[in-house]
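Number of protein chains: 2
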Amino acid sequence: MGDFPRFVRINEEGPREGFQIEKGPIPTARKIELIDSLSKTGLKQIQVVSFVNPKAVPGMADAEEVVKGIKRAPGVRYTGLWLNEKGLQRAISSGKLDVTGSISLTASERFLQRNQNRTLAENLKAQNATIATFKLNNIAVERASIMAAFGCNFEGDIANSRILELCERIFELAAAHDLNIKILSLADTMAWATPLSIRRVVGAVREKYPHLEIALHLHDTRGMGIANAYAGLEMGVAIFDAAVAGLGGCPFAGHRAAAGNVCTEDLVFMCEEMGINTGVNLDALIESARLAEDVVGHPLPGAVMKGGTLVKLREKLAVA
Amino acid sequence: MGDFPRFVRINEEGPREGFQIEKGPIPTARKIELIDSLSKTGLKQIQVVSFVNPKAVPGMADAEEVVKGIKRAPGVRYTGLWLNEKGLQRAISSGKLDVTGSISLTASERFLQRNQNRTLAENLKAQNATIATFKLNNIAVERASIMAAFGCNFEGDIANSRILELCERIFELAAAHDLNIKILSLADTMAWATPLSIRRVVGAVREKYPHLEIALHLHDTRGMGIANAYAGLEMGVAIFDAAVAGLGGCPFAGHRAAAGNVCTEDLVFMCEEMGINTGVNLDALIESARLAEDVVGHPLPGAVMKGGTLVKLREKLAVA
Numbered sequence: 001m002g003d004f005p006r007f008v009r010i011n012e013e014g015p016r017e018g019f020q021i022e023k024g025p026i027p028t029a030r031k032i033e034l035i036d037s038l039s040k041t042g043l044k045q046i047q048v049v050s051f052v053n054p055k056a057v058p059g060m061a062d063a064e065e066v067v068k069g070i071k072r073a074p075g076v077r078y079t080g081l082w083l084n085e086k087g088l089q090r091a092i093s094s095g096k097l098d099v100t101g102s103i104s105l106t107a108s109e110r111f112l113q114r115n116q117n118r119t120l121a122e123n124l125k126a127q128n129a130t131i132a133t134f135k136l137n138n139i140a141v142e143r144a145s146i147m148a149a150f151g152c153n154f155e156g157d158i159a160n161s162r163i164l165e166l167c168e169r170i171f172e173l174a175a176a177h178d179l180n181i182k183i184l185s186l187a188d189t190m191a192w193a194t195p196l197s198i199r200r201v202v203g204a205v206r207e208k209y210p211h212l213e214i215a216l217h218l219h220d221t222r223g224m225g226i227a228n229a230y231a232g233l234e235m236g237v238a239i240f241d242a243a244v245a246g247l248g249g250c251p252f253a254g255h256r257a258a259a260g261n262v263c264t265e266d267l268v269f270m271c272e273e274m275g276i277n278t279g280v281n282l283d284a285l286i287e288s289a290r291l292a293e294d295v296v297g298h299p300l301p302g303a304v305m306k307g308g309t310l311v312k313l314r315e316k317l318a319v320a
Numbered sequence: 001m002g003d004f005p006r007f008v009r010i011n012e013e014g015p016r017e018g019f020q021i022e023k024g025p026i027p028t029a030r031k032i033e034l035i036d037s038l039s040k041t042g043l044k045q046i047q048v049v050s051f052v053n054p055k056a057v058p059g060m061a062d063a064e065e066v067v068k069g070i071k072r073a074p075g076v077r078y079t080g081l082w083l084n085e086k087g088l089q090r091a092i093s094s095g096k097l098d099v100t101g102s103i104s105l106t107a108s109e110r111f112l113q114r115n116q117n118r119t120l121a122e123n124l125k126a127q128n129a130t131i132a133t134f135k136l137n138n139i140a141v142e143r144a145s146i147m148a149a150f151g152c153n154f155e156g157d158i159a160n161s162r163i164l165e166l167c168e169r170i171f172e173l174a175a176a177h178d179l180n181i182k183i184l185s186l187a188d189t190m191a192w193a194t195p196l197s198i199r200r201v202v203g204a205v206r207e208k209y210p211h212l213e214i215a216l217h218l219h220d221t222r223g224m225g226i227a228n229a230y231a232g233l234e235m236g237v238a239i240f241d242a243a244v245a246g247l248g249g250c251p252f253a254g255h256r257a258a259a260g261n262v263c264t265e266d267l268v269f270m271c272e273e274m275g276i277n278t279g280v281n282l283d284a285l286i287e288s289a290r291l292a293e294d295v296v297g298h299p300l301p302g303a304v305m306k307g308g309t310l311v312k313l314r315e316k317l318a319v320a
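Chains as they are written, first to last, in our numbering: chain A, 1 to 320; chain B, 1 to 320.
In isolation and in its complexed conformation, chain A is listed as follows (with noise of 0.2 Å):
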């Protein structure tokens, strides 16, 4: 079947997308619950928190704490999220989660500038900075991100020429800082995308970059995130960023009832029913999604949590 990879890498960013959107105060203990039976799935990457101003963001306040009361497990990555440098300082404070580099550019320059306050001139400003401050720490730099990559809820459509522009300035910043920029994150942070944009972006930067590994970010706020994340498999993208139960959405990004990201069973689910291997145990990551909506104390849009597997079943009926 064509390009489909045989094996995709999933970063979950259920705690961090869900504890930082959801209203009411979710006590630290309960998040470090979570991400510890998540760590029991098989997941190679979890988001925890993410390093933001606790005024923006009152969820996210006990970032630190909640660092320090996790379990890690062996063979699995522990990561943050930061959007300057302040955030950056506290993640490598914390001392216990796998700090890594990117260089995170957004391709609508009205969201940038409501979500972080820039333009995009000083955020390449603020790149060339962060780098810096990467290379002091010894902080390898592999990665690039282009948020709102699909669309923008305050600028409207965006062109591939766009995306490639992007593509240009990251290596540029690339070059002058020595960096091997390995992946390309694609986020569609407002939900913009349909199969058929992932497969006009996607194409667009492979051609231009066939050797650049893409990930793809995607929400579900219009219902199109499996449907997107298929279009992406079908391209050979092998890592996809995903959120137990379907936790999470963007406080920022003007939505009023935002679902949250693509539901991380929910991809494990489609991936292993076509043969694509993620290395997640499904049952464990359904008892992980059912904690989640335990924890956040209201229903979760996750599917196979409520519809079940079909390798149960399927054991089920081999015994009858």
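Keep in mind that the hints were calculated from the coordinates and are not lab data.
Just so you know, not all the hints are guaranteed correct.
[Said to hold, decoys possible] Lysine to any residue pairs mimicking SDA-like chemistry, simulated, CA-CA at most 25 Å apart: (1) Lys-23(B) <-> His-298(A); (2) Lys-40(B) <-> Arg-30(B); (3) Lys-316(B) <-> Asn-115(A); (4) Lys-312(B) <-> Asn-115(A); (5) Lys-316(A) <-> Ser-161(B).
[What the hints assert, rightly or not] Computed list of chain B residues with no C-beta within reach of chain A, every gap over 12 Å: (6) Ala-29; (7) Asp-36; (8) Glu-64; (9) Lys-68; (10) Glu-85; (11) Gly-87; (12) Asn-128; (13) Met-190; (14) Asp-220; (15) Arg-222; (16) Asp-294; (17) Gly-308.
Note that beta-carbon positions come from the ideal geometry of N, C-alpha and C, so glycine has one too.
Keeping the supplied structure of chain A fixed, place chain B upon it in accordance with the hints.
Structure of chain B alone, referenced to chain A:
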């Protein structure tokens, strides 16, 4: 973009799928209100009721009254569902429906037994009798359908060979009754399909019957509905059943918290955003989806009705 159809026909099945599975009694007038609302969206076909045993499906006991009450809009076909001769007679007697004939087989014999209390042989016999009734009443039979075509909770995976075998039975029946079957509907009754099995089954049928138009009836119980529809679109499938707001499910399929059919407005959103014409006014359809939530009295799974359309956002941005 290859095989995408330019126009997609969506058969709305929300009223039938939804009213048959909802627990609470829904007043007949409110059912009619929803159907009349759907009539104004540009949808060209609406399945409004099923004529089934009211003891088994109490939510459909008022089927005749619902049919009597709706305001037929010009250019819209109003259909009903039935599973046996008695149901068909009720549909004909209702006097107001577009009764079209269909040959209905099921890929899973165990499900057939459970759902209709028949063996495949008994079902073929029953189809023979039903076709005779269609002919007696001058009802054209141009469509065949295969339920549980992608897998079954009681029988497991369904092989291509099984589907092709059922296609042979269909064309034998058609030959015996001098029918011209133009459309084959493949139903993922219990949500076993993935985009890959859509490709597999649709591909196998198309290879053997290149002139047969294929329709897909998809459920979203495991979150694959829209991705499966996309896989169908990629193969040129241009007819889909769907349910407004994601109403529905199958009361006999044995799910505890079964999600419903693929959501009409999410499917319309995907198609229109990808340049595939549906003839449906998405804003009007979203109004119907919100009405559906009000009628059933609980949240429904549709995403676009919560996440919002992009057309309006683009308009706002163009003005700003």
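Going through the hints against the structure:
1. Of the pairs offered as hints, the one joining Lys-23(B) and His-298(A) holds, with about 22 Å between alpha carbons and a cut-off of 25 Å not exceeded.
2. As the CA atoms of Lys-40(B) and Arg-30(B) are separated by approximately 16 Å, the hinted pair is consistent with the 25 Å bound.
3. Note on Lys-316(B) and Asn-115(A): the hinted pairing holds, with a Cα-Cα distance of about 20 Å set against a maximum of 25 Å.
4. Taking the CA atoms of Lys-312(B) and Asn-115(A), the gap is near 22 Å; set against the 25 Å cutoff, the hint holds.
5. Proposed proximity of Lys-316(A) and Ser-161(B) is supported: the alpha carbons are some 23 Å apart, at most 25 Å.
6. With 12 Å as the threshold on Cβ separation, the claim that Ala-29(B) sits away from chain A holds: the shortest Cβ distance comes to roughly 29 Å.
7. For Asp-36(B), the condition that its CB be more than 12 Å from all CB atoms of chain A holds, with the nearest at approximately 26 Å.
8. Here Glu-64(B) stays apart from chain A, with its beta-carbon at least about 33 Å from theirs, past the 12 Å limit.
9. In this structure Lys-68(B) is separated from chain A by more than 12 Å, as the shortest Cβ-Cβ distance comes to about 35 Å.
10. With 12 Å as the threshold on Cβ separation, the claim that Glu-85(B) sits away from chain A holds: the shortest Cβ distance comes to roughly 32 Å.
11. Every Cβ of chain A is farther than 12 Å from the Cβ of Gly-87(B); the closest lies at roughly 28 Å, confirming the non-interface assignment.
12. Taking the minimum C-beta to C-beta distance to chain A, about 31 Å, the non-interface status of Asn-128(B) holds against the 12 Å cut.
13. Not every beta carbon of chain A lies more than 12 Å from that of Met-190(B), the smallest distance being close to 9 Å; the non-interface claim is violated.
14. Non-interface call for Asp-220(B) relative to chain A: violated, since the shortest CB-CB distance, roughly 7 Å, does not exceed 12 Å.
15. Distance to chain A contradicts Arg-222(B) as a non-interface residue, since its nearest Cβ pair spans about 4 Å, not more than 12 Å.
16. Distance check for Asp-294(B) against chain A: the nearest CB is about 16 Å away, which clears 12 Å, and the non-interface claim stands.
17. The Cβ of Gly-308(B) sits about 7 Å from the closest Cβ of chain A, inside the 12 Å cut-off, so the non-interface label is violated.
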